[in-house]
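These protein sequence lines are chains W and P, in that order. Take the position in the first sequence, starting the count at 1, then add 82; the result is the number in our numbering. Take the position in the second sequence, starting the count at 1, then add 166; the result is the number in our numbering.
These are computed hints drawn from the structure, not numbers from a lab. In this text, all values refer to a predicted model and were calculated from it rather than measured experimentally. Using N, Cα and C, we set each Cβ at its ideal position, and we do this for glycine too. Treat each hint with caution, since some may be false.
Claimed, not checked - With the C-beta cut set under 8 Å, the calculated list includes, among others, these residues of chain W facing chain P:
1) K133
2) V445
3) P488
4) R507
To be verified - With a straight-line Cα cutoff of 25 Å, these simulated SDA-like cross-link-like pairs (lysine to any residue) come out:
5) W:K449 <-> P:S363
6) W:K401 <-> P:K318
7) P:K318 <-> W:P511
8) W:K494 <-> P:G250
9) W:K401 <-> P:G331
10) W:K413 <-> P:Q315
11) P:K318 <-> W:I482
12) P:K410 <-> W:K401
13) W:K449 <-> P:D246
14) W:K401 <-> P:A329
15) P:K410 <-> W:E592
16) W:K413 <-> W:Y386
17) W:K150 <-> W:H122
18) P:K410 <-> W:A498
19) W:K133 <-> W:L106
20) P:K218 <-> W:S438
To be verified - Just the calculated beta-carbon pair ranges, DEER-fashion:
21) W:P383 <-> P:L306: 37 to 43 Å
22) W:T496 <-> P:H388: 27 to 33 Å
23) W:G193 <-> P:K218: 44 to 50 Å
24) W:A418 <-> P:L306: 44 to 50 Å
25) P:A247 <-> W:G560: 35 to 41 Å
26) W:D382 <-> P:L306: 36 to 42 Å
27) P:S221 <-> W:P489: 22 to 28 Å
28) W:G193 <-> P:E212: 45 to 51 Å
29) P:S221 <-> W:K132: 56 to 62 Å
30) P:S221 <-> W:L409: 46 to 52 Å
31) W:T496 <-> P:R205: 33 to 39 Å
32) W:N483 <-> P:P401: 35 to 41 Å
33) W:N483 <-> P:A389: 34 to 40 Å
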Amino acid sequence: MTRLACFYVPMFVLAARLRSEPELLNEAVGIVEGNGSNAHIVAATRRARKKGIQPGQSLAQARSLLPKLIARGRDAECERTAQEALLEVAETFSPRVEDAGEGVVFLDVTGMERHFAEDAGSADVPSASDSELRLARAALRACDAISLPARVGIAASKLAARVAAELPKSPIVVAPGEEATFLAPLPLTRLSPELEAAAMLQRFGLSSIGDLAKLPESEIASRLGEVGRELHWAARGIDPRPLMPRPLPPEFREGMELEWPLVALEPFLFIANAALDRLSKRMEIQGFACKRLEFTLTLDPEGYDARGIDLPAPTRDVKTMLTLMRLDLEKTPPGAPVVGFSFVAHPDRPRRAQLSLFGPSAVSPEKLATTIAKLVSILGDGRVGMPMTVDGHLPERYSINVFSPPPPPDMKRTPARARGLLAVRTFRPPIPIEVTTREAEGDDVQIASIRSIADSAPPSPAPNARNRIEAGAKVEIGGTVRICSGPWRIEEGWWSDRPDIREYWDVELERGGVYRVFRGGATEWFVDARYEM
Amino acid sequence: MAVLARRLATQFQLLEAPTILKPAISPQIVESGEGEALRKLRATLEASIASKLTSGSELVRAVARQRRDEILSTTIPPLDALLGGGLARGKMTEIAGRGTRFSIVIATLAAATSIGEAAALIDASDSFDPQLAEAAGVDLRRLLWVRPQTMKETVTAAEMTGATGFQLVIIDMGSRRPPGRRVPDAAWVRLARVAESHGATILVSAPYALTGTTSEAMILAHAPRTRWLGRGNAPRVLAGVETKLKLEKHRRLRPGQTTTVFFQCEEAVGSAQSSVLAVPTADTRQPAARAKAS
Numbered sequence: 083m084t085r086l087a088c089f090y091v092p093m094f095v096l097a098a099r100l101r102s103e104p105e106l107l108n109e110a111v112g113i114v115e116g117n118g119s120n121a122h123i124v125a126a127t128r129r130a131r132k133k134g135i136q137p138g139q140s141l142a143q144a145r146s147l148l149p150k151l152i153a154r155g156r157d158a159e160c161e162r163t164a165q166e167a168l169l170e171v172a173e174t175f176s177p178r179v180e181d182a183g184e185g186v187v188f189l190d191v192t193g194m195e196r197h198f199a200e201d202a203g204s205a206d207v208p209s210a211s212d213s214e215l216r217l218a219r220a221a222l223r224a225c226d227a228i229s230l231p232a233r234v235g236i237a238a239s240k241l242a243a244r245v246a247a248e249l250p251k252s253p254i255v256v257a258p259g260e261e262a263t264f265l266a267p268l269p270l271t272r273l274s275p276e277l278e279a280a281a282m283l284q285r286f287g288l289s290s291i292g293d294l295a296k297l298p299e300s301e302i303a304s305r306l307g308e309v310g311r312e313l314h315w316a317a318r319g320i321d322p323r324p325l326m327p328r329p330l331p332p333e334f335r336e337g338m339e340l341e342w343p344l345v346a347l348e349p350f351l352f353i354a355n356a357a358l359d360r361l362s363k364r365m366e367i368q369g370f371a372c373k374r375l376e377f378t379l380t381l382d383p384e385g386y387d388a389r390g391i392d393l394p395a396p397t398r399d400v401k402t403m404l405t406l407m408r409l410d411l412e413k414t415p416p417g418a419p420v421v422g423f424s425f426v427a428h429p430d431r432p433r434r435a436q437l438s439l440f441g442p443s444a445v446s447p448e449k450l451a452t453t454i455a456k457l458v459s460i461l462g463d464g465r466v467g468m469p470m471t472v473d474g475h476l477p478e479r480y481s482i483n484v485f486s487p488p489p490p491p492d493m494k495r496t497p498a499r500a501r502g503l504l505a506v507r508t509f510r511p512p513i514p515i516e517v518t519t520r521e522a523e524g525d526d527v528q529i530a531s532i533r534s535i536a537d538s539a540p541p542s543p544a545p546n547a548r549n550r551i552e553a554g555a556k557v558e559i560g561g562t563v564r565i566c567s568g569p570w571r572i573e574e575g576w577w578s579d580r581p582d583i584r585e586y587w588d589v590e591l592e593r594g595g596v597y598r599v600f601r602g603g604a605t606e607w608f609v610d611a612r613y614e615m
Numbered sequence: 167m168a169v170l171a172r173r174l175a176t177q178f179q180l181l182e183a184p185t186i187l188k189p190a191i192s193p194q195i196v197e198s199g200e201g202e203a204l205r206k207l208r209a210t211l212e213a214s215i216a217s218k219l220t221s222g223s224e225l226v227r228a229v230a231r232q233r234r235d236e237i238l239s240t241t242i243p244p245l246d247a248l249l250g251g252g253l254a255r256g257k258m259t260e261i262a263g264r265g266t267r268f269s270i271v272i273a274t275l276a277a278a279t280s281i282g283e284a285a286a287l288i289d290a291s292d293s294f295d296p297q298l299a300e301a302a303g304v305d306l307r308r309l310l311w312v313r314p315q316t317m318k319e320t321v322t323a324a325e326m327t328g329a330t331g332f333q334l335v336i337i338d339m340g341s342r343r344p345p346g347r348r349v350p351d352a353a354w355v356r357l358a359r360v361a362e363s364h365g366a367t368i369l370v371s372a373p374y375a376l377t378g379t380t381s382e383a384m385i386l387a388h389a390p391r392t393r394w395l396g397r398g399n400a401p402r403v404l405a406g407v408e409t410k411l412k413l414e415k416h417r418r419l420r421p422g423q424t425t426t427v428f429f430q431c432e433e434a435v436g437s438a439q440s441s442v443l444a445v446p447t448a449d450t451r452q453p454a455a456r457a458k459a460s
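One chain only, chain W, in its complex shape (with noise of 0.2 Å):
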């Protein structure tokens, strides 16, 4: 027999507003629809509802009773990402889930219960019941993790699931082939309250579920149609429809309207960070990932900013994508007051590897992808990776990449003979310096002495200049030339309109270090690199 949950979450409205602003729990908050002299309350916390708030009253009717109370409109995005969350938690518990609108979903859980069967040194033979009650268990203290206080019920029909999920005392089981039973002492609004079937049932004489149940099936559809079959259908527990489970959703979404509009940046990124947070459980329940972050941002007045960031690595770390979009907010503002936002997350799986005992420790594929998100935000683009040699004859040539190690060895090795090379260290870019060149043998020319152009320049002042490092540029290069060694003629690019010709020499000078200088053209002259001195 087929078995169904119901997750029911009441007062929908206001348990999403909630999630998203978990610091209004203990205050006297109503959920408001409409504007104007037309705003009502559709739901209030239990505060306001001790003071006489009410659903349908409204917003000035509930401000005479409480001055005080905490005014939210509905935020249809808040919804939304609350009954996704819902659905994602279903999904945990099984493959079949059908999403029945605000608040409400139904999954199947049919042979389900055996994973919450008692533990084997039990002496008790567990009950199929007692195993669907830790699940229905099991489902609420899930519920309770993603900020929504949800009930359960667990029968056969779909109707009989909801109407046991909706009662105050939560979980309950129908056994199987109580259905009927079950509902039979039930008003028939509880059917199909939005029906009108119902009340006629009610002009009929008939006030139970289990009035109509007791009537022939044949009666009731010539009198009422196809409505009134699938209406006895549901009072004798059996479902008119059968479960529709819905697919998989392709990416992750978050998001809130705003009650007023922000302008500064850190207001903002505190509310964004709560979301993100609420985005990495819901992923994390899934076993997924972040691969690519996109962001829209609902301007004031009207307008909307889209931006997506594009992770090196897939992964749930919030820091790291509260950071990357810290960065690209700074970067580029959108320019105009934030009135709501939206994040979508793309999932992806996150990398994993096999830990090796005996050999090297591998690095943590999840840590290493936030480090280096981290790295490239603070360093930039094109400054963290794994470096690449690049086919060429030019000495400076180089690319770099997305740092993906190898897996270690599995057994421990001996390092390889160092072959004891002389490093040199590279200047990027090339500094051009002034050469004095002497006559040698043949046609060739041997360097005198040199001095780089730099010198001569009054430095120019660089934007935070204090705090960098050396660069190329600021490296003071001149002095009379000890030994020369060259030239080494160098040429790439032959088919080229422009072919690279470069020649190459080694020098030392008296005061101390030995350089590698290049003619590009016929008078310029460069260094590009320092022998490790």
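Given chain W, work out where chain P should sit, using these hints.
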């Protein structure tokens, strides 16, 4: 004076070792369930077999302890000899001076990546040459190249990479003294703690001593001497550079030892005259007298 004496007496009382009250019943050592099961199993086996029996958690602990005690060879024998085998894991080592620091850095990167370890190079002067590093034996796939622009970024990047789990983190400050504000000493203390807690080997290469008392060892690289192939009017080729290294400070070894290492130029590899110089030469000398402890 009497007042002073009383004060001193009070201070001395405070300095005395406190009396520890011994409990009437000695606390019983509580073993975990796993340990008890292992003990029971050992009791049922012969002594020769029982001694070889170990639990998974004991093995993991032993492996972790062994890794902590390990050293990372720089694959430069004279330098390894100077440091008592190599760079200590979980410690910070510094090389300062005008000598061939960058060549040592490249050789250490080659050593670490050749055994499959992940290494990070914090290249503050942006002077790393991937072509040369690959020729020197560095496995570039296992190397994270970070190019910060300020001292603060440099130390931050080193701390972050060390805490991430990189087995080797090298900070290279370039060939000039970093201008501007210096980072506070607390930054180096934090870096040393990161190395200690994550078992990372941190090597700091700077023209001037930066780490102070926080490093395990400090080596001073003296100004190098160049060697050229060819004399007179013959064409010249740079053969390499020789530098003298001195152990300035070490927490476990006697300081003052010196050695000379030679690094050859890539173009001179294989030449008849340079082949004798191809391998770094060991010239470890003991100091005439041990430096007086200050």
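Hint check results:
1. K133: violated (52 Å)
2. V445: holds (4 Å)
3. P488: The hint holds - P488 (chain W) has a Cβ within 8 Å of chain P, the shortest such distance being about 6 Å.
4. R507: holds (4 Å)
5. W:K449 <-> P:S363: holds (16 Å)
6. W:K401 <-> P:K318: Between K401 (chain W) and K318 (chain P) the Cα gap is close to 20 Å, so the pair holds against 25 Å.
7. P:K318 <-> W:P511: At roughly 23 Å apart (the allowed maximum being 25 Å), P511 (chain W) and K318 (chain P) satisfy the hint.
8. W:K494 <-> P:G250: This hinted pair holds, its Cα atoms lying about 21 Å apart.
9. W:K401 <-> P:G331: Roughly 19 Å between the alpha carbons, so the hint for K401 (chain W) and G331 (chain P) holds.
10. W:K413 <-> P:Q315: holds (19 Å)
11. P:K318 <-> W:I482: Since the Cα atoms of K318 (chain P) and I482 (chain W) sit roughly 23 Å apart, the hinted pair holds (cutoff 25 Å).
12. P:K410 <-> W:K401: This hinted pair is violated, its Cα atoms lying about 46 Å apart.
13. W:K449 <-> P:D246: violated (32 Å)
14. W:K401 <-> P:A329: holds (16 Å)
15. P:K410 <-> W:E592: holds (20 Å)
16. W:K413 <-> W:Y386: holds (17 Å)
17. W:K150 <-> W:H122: holds (16 Å)
18. P:K410 <-> W:A498: holds (24 Å)
19. W:K133 <-> W:L106: holds (16 Å)
20. P:K218 <-> W:S438: holds (22 Å)
21. W:P383 <-> P:L306: 37 to 43 Å: Violated, at about 53 Å.
22. W:T496 <-> P:H388: 27 to 33 Å: Given a distance of about 31 Å, which is inside 27 to 33 Å, the answer is holds.
23. W:G193 <-> P:K218: 44 to 50 Å: holds (46 Å)
24. W:A418 <-> P:L306: 44 to 50 Å: holds (46 Å)
25. P:A247 <-> W:G560: 35 to 41 Å: holds (39 Å)
26. W:D382 <-> P:L306: 36 to 42 Å: For L306 (chain P) against D382 (chain W), whose Cβ atoms are near 50 Å apart, the range 36 to 42 Å is violated.
27. P:S221 <-> W:P489: 22 to 28 Å: Given about 26 Å between the Cβ atoms, the range holds.
28. W:G193 <-> P:E212: 45 to 51 Å: Given a distance of about 49 Å, which is inside 45 to 51 Å, the answer is holds.
29. P:S221 <-> W:K132: 56 to 62 Å: holds (59 Å)
30. P:S221 <-> W:L409: 46 to 52 Å: holds (48 Å)
31. W:T496 <-> P:R205: 33 to 39 Å: holds (38 Å)
32. W:N483 <-> P:P401: 35 to 41 Å: Once the Cβ atoms are compared, 39 Å apart, the range 35 to 41 Å for P401 (chain P) and N483 (chain W) holds.
33. W:N483 <-> P:A389: 34 to 40 Å: Since the Cβ atoms of N483 (chain W) and A389 (chain P) sit about 37 Å apart, the hinted range of 34 to 40 Å holds.
In terms of the numbered hints stated before, the structure departs from hints 1, 12, 13, 21 and 26, listed from lowest to highest.
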